[in-house]
Amino acid sequence: MTKWIDDSGIEKDIVVSSRIRYARNLENHKFPILLDKKEADQIFEEVSEIVKSKDIYGKIFSHFKTSDIPDLEKNMLIERHIISPALIKNQGISGFILSNDEKISIMINEEDHIRLQVLSSGLNLQECLKKADEIDLILDERLKYAFNKQFGYITACPTNLGTGIRASSMLHLPGLVLTGRLERLLNTISKFGISVRGVYGEGSKSLGNLFQISNQATLGNDEKTIVDKVEKIAMQIVSREKEARNYLINENNIEIDDKVHRSYGVLTNAKIISTDEAVKLLSLVKLGIDLDLIDKNKNVNFNKLFVEIQPMNIQFEAREELNEKERDIRRAEIIKKRLKRESEKL
Amino acid sequence: MLCDKCKKNKATIHFTKIVNGKKIEMHLCKDCARENTDINSGFPMENFLSDMFGEFTLKEPNTEYKCPNCGMTYEQFKRYGKFGCSECIDTFKDKIEPLIQNIHGHRRHKGKSPGHHVVKEKEMTEIEKLRKELNEAVEAENYEKAAELRDEIKSLEGKED
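Line by line, the protein sequences give chains A and B. Those letters in the first sequence? Residues 123 to 468, per this note's numbering, in order. Those letters in the second sequence? Residues 952 to 1112, per this note's numbering, in order.
Okay, chain A solo, but in the shape it has when bound (with noise of 0.2 Å):
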């Protein structure tokens, strides 16, 4: 489950993920947001034909109408960030095109006609465009894209207009919250017109140290320009993070060392677990291991981990809807399956 995240990439310890997704919409059809079944269904049917009609990069793709699948498999696939509630609250009209391996999908009718997104894991951002541009390029060949020479590419929101472009990344920051570095750090990125936010839970008290980057504006600069500016701005991070990682070793051991040690310890012995404890616990265990404070377990793919322990994949692992007590229950197994099954390993 959960196949786009890898656990590969440049600088994975800290980059989880990389997104680029381009909103694109057609002339000659009225917006989503005016859209009746008949055209929703007539602009699915066009999208999905060219994506059938032809080979992109030998990859399998399933072609789904939104209100075909049942709400626990949706809900999923929202926490493995592969489809927006966007597309959901358009159930009506909206459907989707995922390759085999999830790296890519085609969200139709949700905010636009057309919404393709590239995920990757680790940082990644000029392989995703890349991949975008060829498949952006395969739709065009084909589609009427909506497009105006001032404004660009026409999207339903005007935050989106000009590229339509939204280039971002997601990144897991313990050292930076840990040391009290990261409320400055994101001060100062938010003047270079770029845009922080939590994961898990709000703002910088983000749950599980996550936090995705992205651009702001879509209009007045070129793709690659925004692209390669939010590639820096990570990799800015990046080095910062490991700045602050540094520190805790060598001013903080022993605090930092307890820290990772008690979270450890309650993550292998727990019985029942909430998600925000689980988050914020698992995040303290993945930096104790990649400190090498922690000599067992570096097998095991915490990026992965963090979805699976969120409440629809649960229920969809297990087959069967529960409620919040035997979910918290079944996350506490998982996890301690898990940690102690790679100790074992060893």
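Just so you know, these hints were derived from the structure itself, not from any lab. Where hints are given, some of them may not hold.
What the hints assert, rightly or not - Below are the BS3-like pairs computed for lysine-lysine, each with C-alpha atoms no more than 27 Å apart in a straight line:
(1) B:Lys1061 to A:Lys354
(2) A:Lys252 to B:Lys1061
(3) B:Lys1080 to B:Lys1096
(4) A:Lys266 to B:Lys1080
(5) B:Lys1105 to A:Lys271
(6) A:Lys211 to B:Lys958
(7) A:Lys271 to B:Lys1080
(8) A:Lys364 to A:Lys447
(9) A:Lys346 to B:Lys1080
Claimed, not checked - Derived DEER-like restraints, expressed as beta-carbon distance ranges:
(10) A:Asn368 to B:Arg1101: 51 to 61 Å
(11) B:Tyr1094 to A:Asn309: 46 to 56 Å
(12) A:Asn150 to B:Arg1082: 22 to 32 Å
(13) B:Glu1079 to A:Lys351: 25 to 35 Å
(14) A:Asp398 to B:Asn1093: 48 to 58 Å
These figures come from a predicted structure and were not determined experimentally. For each residue, glycine too, the CB sits at the ideal point set by N, CA and C.
Let chain A serve as the given structure and place chain B on it in line with the hints.
Below, chain B alone, put in the same frame as chain A:
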């Protein structure tokens, strides 16, 4: 604290977004948060945006603005924060340019163009293209760019002579 949206349940989810140093907070209950947030933005951008329209767009009420292609009125656009079709942007251009400038810090696209547009562009001669760009630059009050374009046209015209 009660939820900002439904005003019934206790707010358990708190959003903070900092845009250009300005802090915006939102407090929601679990249900409303689920309905209103987009996992890709983590923030109920839609409502936030329609609130901002009042701040940045021209104030005078004008019911005449209606997209001839899809029928969306300017009032509707303001409410949804979304265009109804590819023509809306031309219809509401005068009113929304300041907003676009505010969001992006620019009002002209730079970057790639779709195939059908590129073909159309190629049919124009270089000078025609520059003249068109010059007019657009003047319209957009980008006088620096206009001066550059004027010089470029002059030098090309000189060559033709």
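Checked hints:
About 20 Å separates the Cα atoms of lysine 1061 of chain B and lysine 354 of chain A, which keeps this hinted pair within 27 Å; it holds. Between lysine 252 of chain A and lysine 1061 of chain B, the direct Cα distance comes to roughly 18 Å. Compliance with the 27 Å bound is thereby established for this hinted pair. For the hint pairing lysine 1080 of chain B with lysine 1096 of chain B, the CA-to-CA distance comes to about 14 Å; that is within 27 Å, so the pair holds. Restraint check for lysine 266 of chain A and lysine 1080 of chain B: the C-alpha separation of about 22 Å stays at or below 27 Å, so the hint holds.
For the proposed pair lysine 1105 of chain B and lysine 271 of chain A, the alpha carbon gap of about 23 Å is at most 27 Å, so the pair holds. Restraint check: the Cα-Cα separation between lysine 211 of chain A and lysine 958 of chain B comes to about 22 Å, which is no more than 27 Å; the hinted pair holds. For the hint pairing lysine 271 of chain A with lysine 1080 of chain B, the CA-to-CA distance comes to about 12 Å; that is within 27 Å, so the pair holds. Between lysine 364 of chain A and lysine 447 of chain A the alpha-carbon distance is near 38 Å, which puts this suggested pair outside the 27 Å criterion.
For a cut-off of 27 Å, the pair hint linking lysine 346 of chain A to lysine 1080 of chain B stands: about 24 Å separates their Cα positions. For asparagine 368 of chain A and arginine 1101 of chain B, the hinted distance range of 51 to 61 Å is satisfied, since their beta carbons lie about 56 Å from each other. Between tyrosine 1094 of chain B and asparagine 309 of chain A the beta carbons are some 34 Å apart, a value that contradicts the proposed interval 46 to 56 Å. Asparagine 150 of chain A and arginine 1082 of chain B have their C-beta atoms about 30 Å apart, which keeps the hinted 22 to 32 Å range intact.
Checked against the hint of 25 to 35 Å, the C-beta distance between glutamate 1079 of chain B and lysine 351 of chain A comes to roughly 34 Å, which is consistent with it. Separated by about 50 Å at the C-beta atoms, aspartate 398 of chain A and asparagine 1093 of chain B satisfy the suggested range of 48 to 58 Å.
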